[in-house]
Amino acid sequence: MGTRRSYRGPRSAVFAPLESLSRTELVTHRLADAIMLGLLTDAEQLPSETDLAMNFGVSTVTVREALTALRQRGLIETRRGRGGGSFVRSPADDTTAALRERLREFSPGTLRDIGDHYAAISGAAAELAAERADSDDVQRLTAAAATLAAATMPGDRRRADGHYWIEVAAAAQSARLTRAEMELQTEVGPLLWLVLEDDADHVLAVARCRAVTTAVREGDGPHARSVAEERIHDAVSILTERHLELVRSDS
Amino acid sequence: MDRPHSARCTTTSPGVPVGSGAELALGSVVTAVRSAVEAVFADVAALRRDAESVFARARSAGTPVERDDLAELYPALTAPLRTPGGLAKGAGFVAAPGVLADAPWWLEWWVREPAGEPSRLIVDVDPDGEHFYDYTTLPWYRDPQRTGRRNVTGPYVDYLCTDEYTLTFTESVRDGDTFLGVVGSDVDVGRFEAITLPTLRAVPCAATLINAHGRVIASNSPRRSGGSLVRDVDVAALWADPAADGSLVRCGDFPIGVLLA
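Here the protein sequences line up with chains Z and X, keeping their order.
So the first sequence is residues 828 to 1078, counted in the numbering used here.
So the second sequence is residues 324 to 584, counted in the numbering used here.
Quick caveat, the hints were computed from the structure, so don't treat them as lab data.
Just so you know, these numbers come straight off a predicted model, no measurement behind them.
Be careful, since some hints might not be right.
[To be verified] Covered stretches of chain Z, going by a simulated chain X footprint (3 or more residues, C-beta under 8 Å):
#1 1005-1012
#2 1021-1034
[Claimed, not checked] Listed next, the in silico SDA-like pairs over lysine to any residue satisfying Cα-Cα at most 20 Å (straight line):
#3 K412(X) to R1003(Z)
#4 K412(X) to R1006(Z)
#5 K412(X) to E361(X)
#6 K412(X) to R497(X)
#7 K412(X) to E516(X)
#8 K412(X) to R443(X)
[What the hints assert, rightly or not] A few chain Z residues that don't get close to chain X, going by computed Cβ distances all over 12 Å:
#9 E876
#10 A896
#11 Q899
#12 E1056
#13 L1071
All residues carry an ideal CB built from backbone N, CA and C; glycine is no exception.
One chain only, chain Z, in its complex shape:
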């Protein structure tokens, strides 16, 4: 329908039209997010520059700039000649190793700062959710926590955990906090989910979601906030420990 060529299927949202702000960055972010989240898979060929430009509604120059930025970040590689083009180099393909590599680059100070930012967003969202959630919101939080509890595969757990905290931000009735939560999940979610590796971590994550849901239902904002903040602070302290181990084993 219409004149716009649209991709259908699971990865279609990746190629949805963009708004007209700082286009190179938007294209870069959209593709980088899709690669980090595993929406575009390893070794997959990206559409041609012309097709990308058409789908995003931007010029080919913008697409070329974005692809250069992605190449510099090691998220794609470009092959020339017959069968050439841009191919995804997915860090998700070798999740733990790639993430450990990324963790090595974060200083404890940076990790602390990321934690402060995330705790501020997540804590505020949880507290406001407790003030503003109606029965529909609580129902969705309960369902999202149940999905997390039932998830067994690491990927499913990661998605379910991310979805739960987006529901919290949405229940806070704040579009900005919801977008901030989504952006933080894209940026540092994969790192945080490093600490969701084993079953004990999973049990703790589920317990926290349930505690927040209960606090939201009972309108206990301060408790909802403290559980949300604790989740981030715990993750950051584990990540800091791991970072220090990685650096120590280097020397």
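With the hints as your guide, set chain X onto chain Z.
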């Protein structure tokens, strides 16, 4: 600080005095809300009629309905998204699972573009997809399916589609007793607030637009911030019997009312 709009209405039974300036001001709030909502619902109804005729015709012809058949909805669907200054920022048809022959799940949803033609919103409709979401559990779909009545969802953060604070107006699409999906329009809460606030400000006491949950859509009182829930008043009781003490005035045949408290 002088805050005239945080004053409470002293006459709560039966609301505001008949024929008073307050009553007239309240009347213009109701008129503003009703005309905005009815204009949106009129577009939704036009879309519903087109959708129902697509399915009815296919049934008499004995042919299945496919995604491409929805092209017939295009004029009714996109017209409100082209109107300059129009309220709707998105509109479409959301199919009940399995009613389209070539797409088990489908959202034919279009959004207004700041300049130019409306564009189709691309949503993950593959149940195995990373971003798939079962829309049949969401209030804008589930409620009109259950009740068969016109529905207002929100204000809510529409993280599924646009990540914006949204009011969604939906109606069910049926062929006889068969439920086929919903049609609807999205309205930005900020726009709705901007349209209704001047009339609210003219009411000489605290006046707040709320939905059925008691969620604030717009208010002339700083005590009632947009998106918050009214908790100091038994909103459910007022909706059950708005005439009871006159502190809730329904704006029309949809769940938006003016709370005078």
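Here's how the hints hold up against the structure:
no. : hint                : result
1   : 1005-1012           : holds (count 3)
2   : 1021-1034           : violated (count 0)
3   : K412(X) to R1003(Z) : 18 Å, holds
4   : K412(X) to R1006(Z) : 19 Å, holds
5   : K412(X) to E361(X)  : 16 Å, holds
6   : K412(X) to R497(X)  : 25 Å, violated
7   : K412(X) to E516(X)  : 15 Å, holds
8   : K412(X) to R443(X)  : 12 Å, holds
9   : E876                : 20 Å, holds
10  : A896                : 23 Å, holds
11  : Q899                : 26 Å, holds
12  : E1056               : 21 Å, holds
13  : L1071               : 33 Å, holds
Consistency note: the structure conflicts with the earlier hints numbered 2 and 6.
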